[in-house]
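Student: Can you build the whole structure from these sequences, using the hints too?
Number of protein chains: 2
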Amino acid sequence: MTKGQSILEELEPLFNPKSVAVVGATNQWNKWGFSTFVSLLDGFRGKIYPVNNKEDVVLGHKAYRRVIEIPPEEPVDLAVFVIPAASIPGVMEDCIQKGVRAAVIISAGFAEIGAEGRKLQDRVLGIARQGPLHFIGPNCMGFWSAPPHLKSFMFPLPVRPGPLALVSQGGNVGGAVLQAGYLRGLGFQFYVSCGCTADIQVEDYIEYFSSVPEVKVILAYIEGLNDGQRFIEKVRRVTAQKPVIALKPGKTEAATKAITSHSGALSGSSEIFDSAIRKAGGIRVDSAEELLDVATAFITQPLPQGRNVAIITPGGSYGVISADACASLGLNVVPLSQDTLAEFNRIFPPRWSRGNPVDPAGDRNFIAYLQAPDLLLKLPEVDSMIFMGFDSFSRFASVFATLSQDLSQVFKKLTQSLSQMVPEGTLRGSLDDDSWMNGLIQAVVRQFFSLFGTSEPTEVQAFAEKLISLLRSGKTGPHLKRKFVEVLRSLKKDSLTETEDPFTQLFSPMLQALVLNWTETYRKPVVTTTFMGNTTSMTDMGYYAYPSAERAALVLAKLVEYREFLDRL
Amino acid sequence: MTKGQSILEELEPLFNPKSVAVVGATNQWNKWGFSTFVSLLDGFRGKIYPVNNKEDVVLGHKAYRRVIEIPPEEPVDLAVFVIPAASIPGVMEDCIQKGVRAAVIISAGFAEIGAEGRKLQDRVLGIARQGPLHFIGPNCMGFWSAPPHLKSFMFPLPVRPGPLALVSQGGNVGGAVLQAGYLRGLGFQFYVSCGCTADIQVEDYIEYFSSVPEVKVILAYIEGLNDGQRFIEKVRRVTAQKPVIALKPGKTEAATKAITSHSGALSGSSEIFDSAIRKAGGIRVDSAEELLDVATAFITQPLPQGRNVAIITPGGSYGVISADACASLGLNVVPLSQDTLAEFNRIFPPRWSRGNPVDPAGDRNFIAYLQAPDLLLKLPEVDSMIFMGFDSFSRFASVFATLSQDLSQVFKKLTQSLSQMVPEGTLRGSLDDDSWMNGLIQAVVRQFFSLFGTSEPTEVQAFAEKLISLLRSGKTGPHLKRKFVEVLRSLKKDSLTETEDPFTQLFSPMLQALVLNWTETYRKPVVTTTFMGNTTSMTDMGYYAYPSAERAALVLAKLVEYREFLDRL
Numbered sequence: 197m198t199k200g201q202s203i204l205e206e207l208e209p210l211f212n213p214k215s216v217a218v219v220g221a222t223n224q225w226n227k228w229g230f231s232t233f234v235s236l237l238d239g240f241r242g243k244i245y246p247v248n249n250k251e252d253v254v255l256g257h258k259a260y261r262r263v264i265e266i267p268p269e270e271p272v273d274l275a276v277f278v279i280p281a282a283s284i285p286g287v288m289e290d291c292i293q294k295g296v297r298a299a300v301i302i303s304a305g306f307a308e309i310g311a312e313g314r315k316l317q318d319r320v321l322g323i324a325r326q327g328p329l330h331f332i333g334p335n336c337m338g339f340w341s342a343p344p345h346l347k348s349f350m351f352p353l354p355v356r357p358g359p360l361a362l363v364s365q366g367g368n369v370g371g372a373v374l375q376a377g378y379l380r381g382l383g384f385q386f387y388v389s390c391g392c393t394a395d396i397q398v399e400d401y402i403e404y405f406s407s408v409p410e411v412k413v414i415l416a417y418i419e420g421l422n423d424g425q426r427f428i429e430k431v432r433r434v435t436a437q438k439p440v441i442a443l444k445p446g447k448t449e450a451a452t453k454a455i456t457s458h459s460g461a462l463s464g465s466s467e468i469f470d471s472a473i474r475k476a477g478g479i480r481v482d483s484a485e486e487l488l489d490v491a492t493a494f495i496t497q498p499l500p501q502g503r504n505v506a507i508i509t510p511g512g513s514y515g516v517i518s519a520d521a522c523a524s525l526g527l528n529v530v531p532l533s534q535d536t537l538a539e540f541n542r543i544f545p546p547r548w549s550r551g552n553p554v555d556p557a558g559d560r561n562f563i564a565y566l567q568a569p570d571l572l573l574k575l576p577e578v579d580s581m582i583f584m585g586f587d588s589f590s591r592f593a594s595v596f597a598t599l600s601q602d603l604s605q606v607f608k609k610l611t612q613s614l615s616q617m618v619p620e621g622t623l624r625g626s627l628d629d630d631s632w633m634n635g636l637i638q639a640v641v642r643q644f645f646s647l648f649g650t651s652e653p654t655e656v657q658a659f660a661e662k663l664i665s666l667l668r669s670g671k672t673g674p675h676l677k678r679k680f681v682e683v684l685r686s687l688k689k690d691s692l693t694e695t696e697d698p699f700t701q702l703f704s705p706m707l708q709a710l711v712l713n714w715t716e717t718y719r720k721p722v723v724t725t726t727f728m729g730n731t732t733s734m735t736d737m738g739y740y741a742y743p744s745a746e747r748a749a750l751v752l753a754k755l756v757e758y759r760e761f762l763d764r765l
Numbered sequence: 197m198t199k200g201q202s203i204l205e206e207l208e209p210l211f212n213p214k215s216v217a218v219v220g221a222t223n224q225w226n227k228w229g230f231s232t233f234v235s236l237l238d239g240f241r242g243k244i245y246p247v248n249n250k251e252d253v254v255l256g257h258k259a260y261r262r263v264i265e266i267p268p269e270e271p272v273d274l275a276v277f278v279i280p281a282a283s284i285p286g287v288m289e290d291c292i293q294k295g296v297r298a299a300v301i302i303s304a305g306f307a308e309i310g311a312e313g314r315k316l317q318d319r320v321l322g323i324a325r326q327g328p329l330h331f332i333g334p335n336c337m338g339f340w341s342a343p344p345h346l347k348s349f350m351f352p353l354p355v356r357p358g359p360l361a362l363v364s365q366g367g368n369v370g371g372a373v374l375q376a377g378y379l380r381g382l383g384f385q386f387y388v389s390c391g392c393t394a395d396i397q398v399e400d401y402i403e404y405f406s407s408v409p410e411v412k413v414i415l416a417y418i419e420g421l422n423d424g425q426r427f428i429e430k431v432r433r434v435t436a437q438k439p440v441i442a443l444k445p446g447k448t449e450a451a452t453k454a455i456t457s458h459s460g461a462l463s464g465s466s467e468i469f470d471s472a473i474r475k476a477g478g479i480r481v482d483s484a485e486e487l488l489d490v491a492t493a494f495i496t497q498p499l500p501q502g503r504n505v506a507i508i509t510p511g512g513s514y515g516v517i518s519a520d521a522c523a524s525l526g527l528n529v530v531p532l533s534q535d536t537l538a539e540f541n542r543i544f545p546p547r548w549s550r551g552n553p554v555d556p557a558g559d560r561n562f563i564a565y566l567q568a569p570d571l572l573l574k575l576p577e578v579d580s581m582i583f584m585g586f587d588s589f590s591r592f593a594s595v596f597a598t599l600s601q602d603l604s605q606v607f608k609k610l611t612q613s614l615s616q617m618v619p620e621g622t623l624r625g626s627l628d629d630d631s632w633m634n635g636l637i638q639a640v641v642r643q644f645f646s647l648f649g650t651s652e653p654t655e656v657q658a659f660a661e662k663l664i665s666l667l668r669s670g671k672t673g674p675h676l677k678r679k680f681v682e683v684l685r686s687l688k689k690d691s692l693t694e695t696e697d698p699f700t701q702l703f704s705p706m707l708q709a710l711v712l713n714w715t716e717t718y719r720k721p722v723v724t725t726t727f728m729g730n731t732t733s734m735t736d737m738g739y740y741a742y743p744s745a746e747r748a749a750l751v752l753a754k755l756v757e758y759r760e761f762l763d764r765l
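Chains as they are written, first to last, in the working numbering: chain A, 197 to 765; chain B, 197 to 765.
Worth flagging that the hints you see were computed from the coordinates, not collected in a lab.
Fair warning: there could be bad hints in the mix.
Identical chains share a label here; the pair holds if one copy fits it or two copies do between them.
[Claimed, not checked] Okay, derived cross-link-like pairs now, SDA-like style, lysine to any residue, Cα gap no bigger than 20 Å in a straight line:
(1) 214 / 242
(2) 475 / 422
(3) 227 / 205
(4) 227 / 642
(5) 412 / 760
Tutor: In C-alpha cells:
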C-alpha cells in the first residue's frame, strides 16, 4: 500500500464503489464473464458498465469496447477483470487513464503458474501503482461488500450482510465458508477471495475490516504471507479490539507443494505461521467448519473468565464424551463442592451422576434439569457451561406426534386450545399488552411439563413465573413475542405443515430465551448442543446449538484462548 | 453366556421374538413405560403384552398384573423392563417361571451408582441364569432388531433396516448415531444400547451381528470391557470377515471419571484399549461422526490396494487442504509420471496445477474434468481417488435458475423440451426400451455442456455416448432409469417445487452413475466431496458425497488400515 493515505481511504473505492465496469462481461453462458456479470446484477446499488470488445449489449446493459470509451462524465470506481491474463496489462493501462481506483482481477495465469506468470503479475502491479489503483487478486473468485450490496463473484453465491468479515487465499474454501455460513444463518459484512495477493495483502484486508464498526469478528484462510513481520504488526493492533480467527493448512509437505501451484504463496512452515499468528493474537483453527464454529461463538457468547467448565448432560455417554473433549483441549472439568452436590441431591434422584458432568440419569423431573444451570452458573469457580441435548425437550413432543394418530390428535387439541387463548386483535397489531403472552407461556409450560414430566404442579407454576419475569427483564422478550405471533398466525390460518409441530415451535423459542437469559444474567458462555447431533441454524434471537460436545468444547477452548491473550495485553 | 449353545441360538429369542411383554407399560404420558410402549407399537410384527400392576388396558391392549398372569398357552419370548430397579428381581423371577428367554432392562440404578447397585445387578443376573434368560442392560435405552421390526426403545427413534449393526455402551451416543444415520439414508439391521453389560457382553453382540448375512459393517461405542482378552479373541474372528469400527472415548482423566458414574465400566486406559482393538483387527475412530463416515465408506467403496491417492479438485485451496489431510493421515499423495502429466497437458489449459492434486484451475472444458479420473484410475500406482466438488456441475445450473427471471425461463423451456422427449406410455410402464433414456442422456449432456462449458460438440457427443455405454454395462442403469422416470413424472404433473430444479435432478444422478461406474470398473475407491461443504444423504443408487476433504481423507485412511490388517492375516 502507498504511504500517506490511511487504509480506509485507499480501499474506499474498492469496498464502496458507486460504479463498476466488468471487463469481459458477455452474453455467452459458457464464460466466466457471464456468471461474473450475473453475480454483479444480483443487487449492486450502483452503475454497471459491461466492457466487451465484440458485444454491444450485455444482458440488457449497453456495453463499451474499452474502459476508456465509457463517457468521461461517467466515472468508474471499480473494474472487474474476467479476461485472459495476457490482455490485462493493456486494460489496466486503460483503467489508469480512466481514473479507476480499484480492481478485482479474477483471471488466473499469474504467480501461481511460475516465473513467467510472476513477471506478468509484476508488470500489472507496476501499471496499477501509477494510479494508484489497488486490486484484489489476481487468480481469485472475487469479493462481496455489504454496504453497496456488491457481489463481484465468479458465479453467484448466496450471502447476507452481518457481523463477520472473511479474507481467503482460496476461492473454494472461502466460498464454502460463505455458503455454510449462509445456511447457518450468519451474515458477512465483507468477503474477499484474495488469490495471489499481488497488491493488497492479507493483513491489509484485516486492518480494513477492523476499521468498520459493523464487523465484529474477522476470519482468514491463509496459505502463505509475503511479509510475516508486517502481518504480525498489523494484526496485533486488530486483535486487541476484535478477534481474528485464522485457518492455515500446510502441515505436511504434500500441502506445501500444492500451495505453491495454487496461490503462488511461499508457504512458511506451519510452525512459523503458528508462532506468527500467536504473536499477533490470532486464533488458529484446523478446518473450515471450526472457522465457522468459533466465529459463531464469538458473536453469540461472552468471553469466559477462565478454564473451568461445568457440563450438564441428558445421558452418561454424552457426559463422557464432553468431559473427554474439554479435558483434551485444556479445559478444566471443575469438581463440584460438597454444598453443590447437596443442592443437586435435593433436586435429582439418587442415581444422578453425583459430579461434573451433571447427569440426572433419565429423571423425568425436567424442571430440575432446567434449574441445574443456575446452581452451577452462580458459582464463582464455574467460568462457562456446556448444556447438552438442549432441544430434546421441545422435540420430545413432536416425536410422539408423528407416530400415532391418537397422540397427534391430542396435540392438535392442545395447540388449538393455545391458539384460542389469543384474541384476533392481538395478532393483528398491538403487542404492548404482555398479559396474553404471559398466559401463553404459562399454558405451554403447564401442558408440556404435566404431559411429559413428573414435576409438582407448584414447581411448574413457579417455573412458568420465573420464565415470565426473566423474559420481561431480558432482551429476548420482544423476539419471543414476535415468534409466538408468527406461530399462532400460521396456526389460525392452518398453514403449518405436518412436520412443523406448533407445540414444539412455541416451546423451542422459550427454551432458547431461557439459555440466552442465563448468558446475559451471569455473563458466562453457555454453549448448548442438540440432542441427536442434528445441525441447526442460528435463530433470529441469536441462539445457536452445536451438533456435538466436541465442537462445543472446541469453541469454549478458543474463547478462553482469546480471553487469555487479552489478559496478557 | 452359557456353554453348549451357540450365540446364535442363545440370542435368537432376543433378536427374533414372536411375543413381547412390556413390564411397566402405562397410559401415563410422563413415564418411560409410556414412551417405551409407544416405541414397541411402532411396527413390531408379533404379540404385545403390557404388564402393569394397576392399569387394565394400556393404549388399547389388555394388560396383565404380572408376567405369570399371561395365559400359559401364550408364551412370551422377550420381556422389557421399565420399572424401578428394586422391583426387578421379583419380576425377573416371574419371567423365569413363565419361561421367558430374553429381556431388556431399561431401568437405571445398578452398577453405575456404586456398590449397592452392583449387588442388585448381580442378584438379577443370578436369577436370569436359572433360565437361562439373557438380557440387555441394565441402564440402557433399549434396542432395535430389523427382522421382526422390533423397536424396544425408551422413546421412539426413527430407524430403517439396512447393512449396519451397532452396539453402544451409551444410549445417547447410540441414539445420535442412529438418528444421524437415518438422516444420511443409512439402515441398521440391529442396534443395541447395552448399558451396564451385566450379562451379554459387547463382544457377544458383535459375534451375533457378524453371524447375520444382512450385516455388512459392525459399529461399536465402547466405554470399557469386562474381559479384554475375550473381546480380542471373539472380535478377531469377526474382523477377518467383516469390519468392526469402534468409538472409544476416555483419553483424559475427566472422561475416565465420567465413565465410572455412567456405565459402571472399569475404563481401561485409552492406550490399552487401542492396543486391544488393534489386536482384534478393529478400526478405532474418534467421534460419532467419524463412526458413520467410515461405516458409509465400507458399504459404498471397495478396499484400496495401498496408500497411494490421487486428488482431483475444482480449485487450488481445496487441493491444498485435501493434500494436507491425506498426508497427515499417512496416505501418499502420489507424484504423477511424465506420461501422465503429458496426458493432462493435452486436455487442460497451461495454467493447470501440473501435479497431484490435479486442478484444471477454472477450465470450462468440463468434459476434460470428467475424463481426468480415467487417466488416473487406470494407473497401477493409483490406489484410490478423492474427487472434490463433484456436485458442482449439477448445481451450476440451479444457482443461475434461482437468480434471474430470464434465466429461469430458459431452464423452464429446457426442461419442458426434455420432458416432451418422453412418450406418455414410457413413463407409465414399459421401461425395457432404452432408446428414450439414451436420447434423454444425450439431450441433458448436450444442453449442459453447450450452455455452460467450452467443450467441442464432437467431444460432447463422444462423452454422451461413453456415458450411455457405461450405464448399459454397469449396475447403475436401472437406478438411473427409475430416477429419470420419477423426475419426468413430477415434471409432467408440475409437482416439482421451485427449489427442485429438474435439470439438476436429471443431471445429478447421471454424474452419480458415472462415479459409481468408475468404482466398479477399476475396483478402486473413488471418494467424492460436495462443492461447498453441504451435507447430503446417500442416494438410492448407493452414492454418498462427503462434505469435506478432511472427512474424505479419513475414510480412505481407515479403508487402507483395514486392508492392511486383512493382508497380514
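Student: A separate judgement is required for each hint: does it hold in the structure or not?
Tutor: Comparing the hints with the structure gives:
1. 214 / 242: within (5 Å within a copy, 73 Å between copies)
2. 475 / 422: within (17 Å within a copy, 48 Å between copies)
3. 227 / 205: The answer is neither: 34 Å in one copy and 66 Å across copies each exceed 20 Å.
4. 227 / 642: Answer is between: at 16 Å across copies they meet the 20 Å cutoff, but 61 Å inside does not.
5. 412 / 760: Close inside one copy (19 Å), not across copies (49 Å); limit 20 Å.
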